[in-house]
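If you want the building blocks of each chain, they are given just below.
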Amino acid sequence: MSILKKAIISSLGKAVQFIEAYQYPVSVHYCAVPREKFTDAAKAMKNEYALLAAEWATDETLFGRGYGIFACYRWGSEYLIVKIQIPADDPAFPSITNIFLPAYRFERQIESLMGVKPLNHPDLRPWIKFEDWPQDAYPLRKSFDASRPMPRVAGQYDWIKAEGEGVYEIPVGPVHAGIIEPGHFRFQAVGETIINLEERLGYVHKGIEKRFESMRWEDGFRLAGRVSGDTTVAHSIAYCMALESMTGCALTERAHWLRAIFLERERIANHLGDIGAICNDAAFAFMLYQMMRLKEMVLRTNLKLFGHRFIMDKVVPGGVVVDIDEKGKQEMLAELDYLAKDFDRLVDIYRENPSIEDRVRDTGVLKPEKARELCVVGIVARASGLNLDCRIYHPFPPYDQHDRIELDVPVPITGDVYARVKVRIGEVRESIRIIRLMLEDLPAGRLTSPVTLPSAECAGFSAVEGWRGEIIYWLQAGPKGEVNRCMVRDPSSVNWLGLEQAIHGNIVPDFPLCNKSFNQSYSGHDL
Amino acid sequence: MIRILRQIFRTGIVTEPLPGEVTAEIEQVGARLEETVRKRFSGSLAIRQVDAGSCNGCELEIHAINNPIYNCERYGIHFTASPRFADMLLVTGPVTRNMEIALRRTYNATPSPKLVVAVGDCGCNGGIFGESYASLGGVSKIIPVDVYIPGCPPTPAALLNGILKAISKF
Ligand code: SF4
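Protein sequences, first through last, are from chains A and B. Residues in the first sequence are numbered consecutively from 1, following the numbering used here. Residues in the second sequence are numbered consecutively from 1, following the numbering used here.
Be a bit skeptical, because a hint or two may be false.
[Claimed, not checked] Here are the simulated distance ranges between beta carbons: (1) B:Arg84 <-> A:Ala456: 52 to 60 Å; (2) B:Arg84 <-> A:Ala250: 53 to 61 Å; (3) B:Ile2 <-> A:Arg216: 57 to 65 Å; (4) B:Ile101 <-> A:Gly178: 34 to 42 Å; (5) A:Ser2 <-> B:Ile101: 30 to 38 Å; (6) A:Arg361 <-> B:Ile101: 36 to 44 Å; (7) B:Ala81 <-> A:Ile160: 25 to 33 Å; (8) A:Lys341 <-> B:Ser44: 33 to 41 Å.
[Stated by the list, open to error] Below, a sample of chain A positions facing chain B; criterion: calculated Cβ distance under 8 Å: (9) Arg222; (10) Thr232; (11) Pro395; (12) Arg436.
Hint data in this document are derived by calculation from the structure and do not stem from the laboratory. Using N, Cα and C, we set each Cβ at its ideal position, and we do this for glycine too.
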């Protein structure tokens, strides 16, 4: 039996009820516990060294059931989802923030957008909901009219303050100096040294999760592809996979392989851009221009072969809408040869440059213990010794065919900027290698398979390793089979917490460098 | 160091005349851009980019016009950190409720001519995010817009074309 299932049963006994034939794929366990046992369940998971992957709320009034609160735990290749039911007239639940740190923001968000209160939460300031929103505006509730703008009310956000001799404050944003997304950072510093960083996010909250609820299942993939534009492929794959597992739609092998090729190309393009930008923030502009050149080459091949520079909207429920022919294959292989060679040369230059090494080593360290405590994912986790990668540990096709595609991603433990660059370098090489493998071995088959619509009582889960890390989608069908809830957990939802921790003790001028090495999405976090 | 130099020489100059489907027409765009920037902005057009709620897709393409292949600086176009030095605001995204005030402030801080270019389908009309409690729709709902560059996201060539259109109009 699965470790997590065993752990929760042995700790909660009869109080836990495993529910079959509701959530798909069935390999992801799903159970209900009484509301007051929510923290016990969390403790049982903690004792098993599980990590908290996500926590969210649903409005289930259409089913006549009040609210649902869900916590999703991960251990190795297993996921376990624990649900508690909340009555409509008493919207509150026991907080698990003291057991799992990432719940800190998940729960603030649940309170802000769904109006279900986490009891004993240490910090109930709203999150994403700004101080000028009406207090009683809970957009994720079914009773909320999302089509109208909300009035602005007077309000104030209580920033964390540091006091003492020589402490000063630097506010930055939301409109930053470069061409990047908006967010607000507030530093408290003594001299050059940062003693605290507080993030304020939510500026690009577009109401995406609510918007999904007004869309048809078959259209949602387009919105998913715009949750975070740099991760369009991974998000649309994740949405489609959750929907496909709810409806029992089986894809052809070819469709899976093409999706994986898109996904790896997205990884390469973004990593190239990041490596260049990180070097640029350490005043090594040469690398930025070289990497941007390679990235542009990848995007152009995308446009030529697949019709879009970021391969947007090409992954659809049931498969993909673009194919690759023999000529295209040859072209991509030639591109990869060129890329691999040039990339290696540039990596040598990076490695042999002591001035850049000076800047990236021991800068912005996220210690392995901290990384585990914060349950970070993706590149950030791997650079801090946490070996998480759903291509390996929760493999989705085609990565589950270990005899045909095996992956070897680097997992250093220093947790500094250097390590985050190192992970990216290793992954670019791995992605090049496995795209080649996939191209040589591309199975034949149709591009799309027919997808039916979900039935009334069911939910779908998916976890996909995008270039930033694990993306989770959880879809729930309503009483008429419509979209009742679409929960999106971008890696940024947890990894932003890591940046706050990694920056302690660094100097203010190193902040851009550290931030770039995390490069989390604002849009994916703010939704 | 020797490796760096070797790589630089091996790479050579990769900057191209503006690429695109209509190369001939677009080659002229580059020349016209440069000329217009020279005449009307004394050779230097300062742009402040504002993400008012985009998904970051549009930003990637705005980055691309700065890469060595498009190299917008050769036409005298550069991106500035402060709206106070900007001739033009390049605004992306549907304007979110949470960014509305920041966008207005940025606009007010910009000296005239205050050219505003709305980028992407979202910047033009709210795109897939439409109008809701959180998204107020296109940029023109909040500040006056001079030129629209549709696309999701618009290609780098389309961006350069749009910028040219904006400065020729004014
Ligand atoms: S136009 Fe497209 S790429 Fe640009 S912000 Fe909107 S969804 Fe993103």
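Those earlier numbered hints the structure runs against, lowest number first: Going through the list in order, the structure violates hints 4, 5, 11 and 12 and respects the others.
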